[in-house]
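**Q** As a plain string of letters, each chain reads:
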Amino acid sequence: MRTVIIIDDSKTSRNLLKDMLVENGYEVLAEAADGQEGYEKYCELRPDLVTLDITMPVMDGIETLTKIKDFDPAAKIVMVTAAGQKDKMMDAIKLGAVEFVTKPFETSQIINIIESIQ
Amino acid sequence: MLNRLFGNYLVSMKKLTQIQLDTVLSELDGVTARLEMITVVRKKLTLQQLEELDALHLSEAEFEKRVVGAGLLTEDSYEKLMTYQSNRFIVMVQCLVDKGLLELSQICDLMDEFRVANDYTEVQMDAFLHEDIEQMVQIFVPCEDIRMKELFNTMIQTFKRLIDKDVYLEQAYITDCFAAEKCAVQEMTGSLHFKLYLTAGGNDLLAVANYFTKAHYSVVDEDALDNVGEFLNCISGLYATNLSYNDISIDMNIPEYHAEPVTIQSDKIYVIPIRANGCRLYAIYEACR
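Same order as they appear, the protein sequences are chains Y and R.
Just so we're aligned: 7 in the numbering used here is position 6 of the first sequence, and the numbers increase by one with no gaps anywhere.
Just so we're aligned: 664 in the numbering used here is position 103 of the second sequence, and the numbers increase by one with no gaps anywhere.
Hints were generated in silico from the structure; no laboratory data involved.
Hints should not be assumed to be uniformly reliable.
Said to hold, decoys possible - Each computed BS3-like pair below joins lysine-lysine, with the alpha-carbon atoms no more than 25 Å apart:
| id | chain 1 | residue 1 | chain 2 | residue 2 |
| --- | --- | --- | --- | --- |
| 1 | Y | Lys104 | R | Lys721 |
| 2 | R | Lys710 | Y | Lys87 |
| 3 | R | Lys710 | Y | Lys19 |
| 4 | R | Lys575 | R | Lys660 |
| 5 | Y | Lys104 | R | Lys710 |
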């Protein structure tokens, strides 16, 4: 079973993602409400995959992505964010994010993207 | 939008009960309109012509052959009319007739009365029938600013897509002060600087919170407000994407919420009453300096 951590300041988004992932056979190891907490969980749990929001308090998604990739260059990170943040998503891809998903999203969209990541 | 507006009119005229209206509207998904309904609502056949055809007890296929063969419709207009099969208003009219709640002739008369009572033009009625969001929003939220219009259009489209297919508006107004009981708000900065709020009295924000992610909240607590904030984030994101096509860039701040009453004060606040899922909500646009 592939393992995931979800980093998103919105509880609504975390719950939505968690339900989608669990229903499709993923194990959600942890959730984090900001980038700093998410980075610490990543270092501790080393999941197969991370879903990472861009706009967050304390440490935003771009900074969190950079820190996680510094710690583990092989980390597989999917950026999950509202539409309309094209520049930031492009920055994230340049920094090593493997994919991005825009809200509002549907289960099939998320799962197709995640399953395409080796 | 027309379904609720006309449906409410029927209820106010005691032609339907609220329960009958809600039941009909809940049964429209997946239903397609028959050609006979389309031709009459689109005024391509008169009721008298329809009655004459009905007297022949034709099947649907025979009816189609007959109206084209008899020259009542051309092939082109037939093809065009068939695109209305999934039109939600015509489907509602058909359901009202099929359920025996109203006769088609009554509905046609009531549509005319509804138009006159609300002072809608034929063009506006056509915009309603075609679910032309841009035109419909302009009726209820008259504003000249093109960017604001785009925001309101995106907001209503997002409501239709994610919250309630039959969402409708009441007349918007401008004020300098609005007391919000509970609200979610998102501030946009960059080329445009404004705040967009969603607020409602009592537990009416559940009309968003319980439909956006299919969650089940019984009261508007912090989790429900977070949900409303995420919905605002979707509206803002789609709006920001549209703006980017015109090389306009805005930054979306993190959505916030207030579980306690707040007073919104500014020189010019647009208040847009929205009716969705049986509740009244207010979208509030506050320009920031």
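**Q** Next step is simple, just say for each hint if it's right about the structure.
**A** Outcome of the hint check:
1. Y/Lys104 x R/Lys721: holds (16 Å)
2. R/Lys710 x Y/Lys87: holds (23 Å)
3. R/Lys710 x Y/Lys19: It is violated: about 36 Å lies between the C-alpha atoms, which goes past 25 Å.
4. R/Lys575 x R/Lys660: With a Cα-Cα distance of about 17 Å, the restraint between lysine 575 of chain R and lysine 660 of chain R holds, given a limit of 25 Å.
5. Y/Lys104 x R/Lys710: holds (22 Å)
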